[in-house]
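Novice: Same order as they appear, the protein sequences are chains B and E.
Taking the numbering used here, the leading residue of the first sequence gets 1, the next gets one more, and so forth.
Taking the numbering used here, the leading residue of the second sequence gets 1001, the next gets one more, and so forth.
In case anyone wonders, no lab produced these hints; they're calculated from the structure.
Built from N, CA and C at the ideal position, the CB exists for glycine as well.
Heads up, a few of these hints could be off.
Said to hold, decoys possible - Facing chain E, according to a computed beta carbon distance under 8 Å, are these residues of chain B, among others: (1) N32; (2) R52; (3) S201; (4) H211; (5) A217; (6) L220; (7) R223; (8) D300; (9) A304; (10) L306.
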Amino acid sequence: MLRQVLQRLLLAVPVLLGVLLVGFLLMQVVPNDPAVVRAGPTATQDVIEAIRRDLGLDRPLWIQFPLYLGRLLRGDLGVSIINNMPVIDELGNTIGPTLELMLASLIWSAPLGILLGTVGAYWRGRWPDRLILAASVAGVSVPVFLLGLGLVWLFGFHWQLLPFTGRTGPLWTLEGIQGVILPAVTLGGVFVGPVARMTRSSVLDALGADHVRTARAKGLSERAVVLRHALRNALIPVVTLIGLQIGFLLGGAVVVETIFSWPGIGRLAVGAILSSDAPMAQGTIIVLSAGFILINLVVDVLYAFLDPRTREAR
Amino acid sequence: MPLAAARPILQPDHPATAPRGAAAPEPILEVRDLATTFATPRGPIRPVDGVSLAVAPGRTLGIVGESGCGKSMLSLSLMGLVPAPGRVTGGSIRLEGRELVGLAPAAMRSLRGRRIAMIFQEPMTSLNPVHTIGYQIVEALREHETLPARALKEKAIAALRQVRIPAPERRFDEYPHQLSGGMRQRVMLAMALACRPALLIADEPTTALDVTIQAQILDLLRELQAETGMAIILITHDLGVVAQVADEVAVMYAGRIVERAPVAAIFDDPQHPYTIGLMGAMPRMEDERDRLVVIGGTVPPPFALPAGCRFGPRCPFAGEECRAAYPPTAEIAPGHAVACWKAPVETQA
């Protein structure tokens, strides 16, 4: 088990290197000169030249890339064109709120989706199933920004029940929880439908399996059959789906953070791109990609936990 | 599909059980006129249509027939596991004197696995891949017996030992994918027999296994029957298997039993043209023929049954009366019943 995790970690390294290479090449094609940016608006030509030599920017690309990786390892991602702040600091400040938002979105939407999907499979073809199907189609069809704005209008303006203007505190405080409810409902809302539908079809698949017939032949109750024999097996593809969907959730976070002024990395990325802040955009891309790779690793490990057949490397 | 038994077995051979033709004790299972109906867009179809049979403790009833003749649906009907939209719509199933047709689902559930158990054709997929085999056996026990966890585990290990699985303590914590096909079928047997059922239904238990493993499993079935005195209904398309383990044979065709007899009578004196055809289709060691003999045509699907005798269109002996009405079942010798207008046929040359 541990060996597999280490193996997967090693495999993640070349993927990450690829991402970094793309990010590095991206910097080559944007018109900004990083040395000029670092030196600031008032610097003289000599200072800029010194910085250029210092960063190795006067050397060929294949030497620049390792130098760039070296700076990355030391936490040097350059400075923002806009406010001259080190990129790494901005990333550090925004990653926490984004993780909070993702956690708060997933913690209710994934279990709810699995629950609804299982309920639908249990009463397949009957009214609970139809209701859930209709709701999840509606949920999938509503664009994130529309859902977000609707919630803001209803709960923020109309009933004035919940704050909607950014992070109101850490998650473990009451204010923090109040502040995260609307963004988390918006972001998680688009997540419930796909998970429910995937769970439903996966459980129905599993219910037709031979081993479920065996479980019934043992005299198990329908509930035990569905929970212990169908759902347990059905979760394997569902976990994969959730893992992949988290990637899209990162994309949704960009929209949701913008709507709710959530000080996360998604909003940072949008701001950086809109203001042509190349070093900052590059930093956010690296972090988001690394996050995606990490999520895939977690899914693989979970997979091994759920499916004993993949546990030992044969 | 042409039916041809794979094994060149000529005569029934099984010394262990009661002598053939001996009067059977009181049956433990009695089925009368059982009908299972599926509502389909093309109208109701009846894969099991008026089946009657009986099996006594310690005895084995073989049910043979081609693919699609209703064997598996019959076994699921006995278990109360007919998949929707099908259901048992008529007749009676009496197990140990108790009527199962119309029994409340909860009451049926408490019998399933405890008094009536079943093993299936595909040992590869019939066990849940995500649970250990120990867990799956314990689960069956726990459903029907209230015992502390340790006793449950001991009982499960005893069940594994009973089906001759080596090192059962170690196997207990293994997953199905770590076992071979034969081992998995043994685990299925251990699970089915853990609660000491009175009746075991084995639906093609050896079809998916290779020949040596097949023989081992059949031997094991016979030994376990001798130990426990359970009744067995063995469903198969393989006459070689029937010859090896069955006391009585019921031949099924298009949802009905067309002939029922002690195993020796089926092989020595088959009466129904379909049974005769099955015998002819079985390859024999001494045959010089190059090609396998087949019965022309296929079993009619339940929504396109011919008028009169259902075997009529494939039957070389069919006459006017065969097209007019389905023949009644007549007992032509003690324990030997056949549904054919032409029976009894004269002794064959």
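Novice: Next item in the hint list is L220 of chain B. Is there a CB on chain E closer than 8 Å to its CB?
Specialist: holds (6 Å)
Novice: Can H211 of chain B be said to touch chain E, with a Cβ gap under 8 Å?
Specialist: The hint holds - H211 of chain B has a Cβ within 8 Å of chain E, the shortest such distance being about 4 Å.
Novice: Does the nearest C-beta of chain E fall within a distance shorter than 8 Å of the C-beta of D300 of chain B?
Specialist: violated (17 Å)
Novice: Should the interface hint for N32 of chain B be scored as holding, given a Cβ-Cβ cut-off of 8 Å against chain E?
Specialist: Interface hint status for N32 of chain B: violated (54 Å vs cutoff 8 Å).
Novice: For the hint on S201 of chain B, just tell me whether its beta-carbon gets within less than 8 Å of chain E.
Specialist: Not OK, violated: S201 of chain B not within 8 Å of chain E, min 18 Å.
Novice: Hint A217 of chain B vs chain E: min CB-CB distance below 8 Å?
Specialist: holds (5 Å)
Novice: Hold the hint about A304 of chain B up to the distance rule: shortest CB distance to chain E must be less than 8 Å.
Specialist: violated (12 Å)
Novice: Mind checking the CB of L306 of chain B against every CB in chain E and telling me if the closest is under 8 Å?
Specialist: Result: holds, 7 Å to nearest chain E Cβ.
Novice: With chain E as the partner, please determine if R52 of chain B meets the hint condition of a C-beta pair closer than 8 Å.
Specialist: With a minimum Cβ separation of about 59 Å from chain E (threshold 8 Å), the hint on R52 of chain B is violated.
Novice: Hint validation: R223 of chain B versus chain E, beta carbon distance must be below 8 Å. Holds or violated?
Specialist: violated (11 Å)
When held up to the earlier numbered hints, the structure conflicts with 1, 2, 3, 7, 8 and 9 and fits the remainder.
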